[in-house]
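Novice: If you want the building blocks of each chain, they are given just below.
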Amino acid sequence: MASTRIEVSGLGYAVGGVEILKSVDAAMPGGEITAVVGPSGAGKSTLMRAINRLIEPSSGEIYLDGEPTSALDPLELRRRVGMVFQIPALFGDSVEEAVLYGARLTGKDADPVRLLEIVGLDASLAGRDPQALSVGQQQRVTMARALALEPEALLLDEPTSALDEAARRRIEELVRDLNARLGLTMVFVSHDLAQVERVADQVLVLADGRNVGAWAKDDFYSGAGERARQFIAGRL
Amino acid sequence: MADLQTLGSALLTLGLVAVAVVLSLYERLDLEKDIGIAVVRSFLQLAAIGYVINYIFGLKNIGAVVLLLAGMVLFAAWTSARRASDVPQAFLVAAVAVGVAAVSTLGLLLMLRIVPATARYLIPLGGMVIGNSMNAASLTMTRIRDDVAEQRPKVEAALALGATSRQAVAPILRTALQRALIPLIDATKTTGIIFLPGAMVGMIIAGADPLEAVRLQIVVLYMLLGSVSIAAILVGTLSYRSFFTQRHQLRATQNNS
Numbered sequence: 000m001a002s003t004r005i006e007v008s009g010l011g012y013a014v015g016g017v018e019i020l021k022s023v024d025a026a027m028p029g030g031e032i033t034a035v036v037g038p039s040g041a042g043k044s045t046l047m048r049a050i051n052r053l054i055e056p057s058s059g060e061i062y063l064d065g066e067p068t069s070a071l072d073p074l075e076l077r078r079r080v081g082m083v084f085q086i087p088a089l090f091g092d093s094v095e096e097a098v099l100y101g102a103r104l105t106g107k108d109a110d111p112v113r114l115l116e117i118v119g120l121d122a123s124l125a126g127r128d129p130q131a132l133s134v135g136q137q138q139r140v141t142m143a144r145a146l147a148l149e150p151e152a153l154l155l156d157e158p159t160s161a162l163d164e165a166a167r168r169r170i171e172e173l174v175r176d177l178n179a180r181l182g183l184t185m186v187f188v189s190h191d192l193a194q195v196e197r198v199a200d201q202v203l204v205l206a207d208g209r210n211v212g213a214w215a216k217d218d219f220y221s222g223a224g225e226r227a228r229q230f231i232a233g234r235l
Numbered sequence: 209m210a211d212l213q214t215l216g217s218a219l220l221t222l223g224l225v226a227v228a229v230v231l232s233l234y235e236r237l238d239l240e241k242d243i244g245i246a247v248v249r250s251f252l253q254l255a256a257i258g259y260v261i262n263y264i265f266g267l268k269n270i271g272a273v274v275l276l277l278a279g280m281v282l283f284a285a286w287t288s289a290r291r292a293s294d295v296p297q298a299f300l301v302a303a304v305a306v307g308v309a310a311v312s313t314l315g316l317l318l319m320l321r322i323v324p325a326t327a328r329y330l331i332p333l334g335g336m337v338i339g340n341s342m343n344a345a346s347l348t349m350t351r352i353r354d355d356v357a358e359q360r361p362k363v364e365a366a367l368a369l370g371a372t373s374r375q376a377v378a379p380i381l382r383t384a385l386q387r388a389l390i391p392l393i394d395a396t397k398t399t400g401i402i403f404l405p406g407a408m409v410g411m412i413i414a415g416a417d418p419l420e421a422v423r424l425q426i427v428v429l430y431m432l433l434g435s436v437s438i439a440a441i442l443v444g445t446l447s448y449r450s451f452f453t454q455r456h457q458l459r460a461t462q463n464n465s
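Top line first, the protein sequences correspond to chains A and B.
Residues in the first sequence are numbered consecutively from 0, following this note's numbering.
Residues in the second sequence are numbered consecutively from 209, following this note's numbering.
Covered, in the sense of this in silico footprint (three residues per stretch, anywhere, with C-beta under 8 Å from a C-beta of chain A), are these stretches of chain B: (1) 353 to 367; (2) 371 to 378; (3) 450 to 459.
According to the in silico footprint, chain B covers these stretches of chain A (three or more CB under 8 Å from chain B): (4) 67 to 76; (5) 134 to 148.
These are calculated hints, taken from the structure and not from any lab test.
For each residue, glycine too, the CB sits at the ideal point set by N, CA and C.
Use the sequences and the hints to build the structure in full.
Specialist: This is the structure we're talking about:
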């Protein structure tokens with residue numbers, strides 16, 4: 000899997016006359032975990048959905064390693080940039096079917112046992128009804144399902160918001176582990192600064208549809224980004 | 209026979225409606241206004257169509273029959289589209305679906321010479337085809353609309369994995385079509401055992417040979433099964449597209465930030 004750099008340039012999105020993203024410029028370095036943080040309504044999810052082309056930006060461009068994505072077939076783009084949502088939605092009668100859903104759409108070969116192992120689930124779960132799993136396990140299945148497509152990057156839109164503290168920590172560890180093992184570019188949306196500190200390499204701060212700034216994690220927590228962190232901490 | 213056809217005795221059956229109204233008031237069902245509207249509308253509409261059919265029978269002109277059926281299709285599409293508000297282009301979708309269902313099934317009956325090309329057959333059979341197709345169209349469209357709204361996260365999860373709009377909406381389409389078709393399929397399965405269908409009842413009361421009535425009823429059942437399936441499937445295939453963009457994106461609603 001490649002470690003693709005994602006860049007966003009002048010990205011705008013408006014719906015029903017409301018501007019949700021206002022000319023956002025941002026870069027998410029290849030092979031690193033970029034946390035996108037900001038108050039609710041800042042446009043974090045909208046940014047993820049625009050990168051995955053689930054919505055059509057009103058203006059601007061998104062690049063994968065310098066390649067403009069507006070010209071790409073959205074279906075191909077979505078297979079290259081995986082996405083994990085807040086609430087897991089699984090398809091099929093077994094965990095194996097759920098993991099292979101995306102791969103089967105394209106006739107791609109994928110090994111469900113290996114994928115389950117990668118996300119820390121026991122292979123014996125493969126035959127189980129996915130609805131019978133805990134939400135934390137279901138979220139792991141959605142990650143395995145995204146990885147089955149061998150994406151260049153993975154967008155995680157508040158993947159732990161539906162989980163309890165223990166499950167949240169395990170997903171955080173899994174994200175760090177996947178990043179280390181696969182060198183996968185990851186974008187992690189969160190509104191929890193403590194979580195961002197545990198997970199991220201880079202921090203991108205959004206507020207009111209604008210990019211407030213981007214910092215390496217250490218700078219954000221103790222250096223040049225300190226003031227932005229304090230400003231945003233009061234609004235989360 | 210003769211006195212049944214007088215207006216006075218038809219009005220006497222309103223006594224039964226009065227029972228329904230009293231029940232509605234007593235149980236606070238809030239249905240009495242709707243019942244009232246239904247009684248007045250059905251009376252006026254049936255009286256009007258009675259005169260229209262009588263007039264068209266007199267014309268002995270197949271063009272007039274086609275024109276009347278086309279009018280019925282448009283009215284059915286309008287009714288269905290009102291029911292399925294928020295479905296983009298619902299009128300067009302319903303008009304195509306009901307129209308194709310009517311033309312194909314009536315066309316087949318005529319081609320195979322199962323019924324003669326006369327107003328006496330085409331108008332009542334057309335009415336049944338159009339009415340039932342309209343119900344299926346409304347049911348399918350409203351179901352798809354509600355399920356797409358309710359299952360947005362699921363649909364988007366599928367799209368995010370590279371599914372096409374059609375693949376992402378497939379489970380919703382399947383449920384909607386099942387819901388629209390199962391009542392008629394079940395009614396067809398149990399017909400003759402649990403209930404005797406309207407056309408047959410009418411013919412037997414009017415004095416026809418029961419076997420002749422059965423023959424016509426079988427034609428009617430198959431015709432309805434065919435036309436309703438055609439209408440529901442067409443509505444499904446045509447209407448789901450309107451919830452998506454060309455680029456396989458669910459169309460925006462006001463509250464997804």
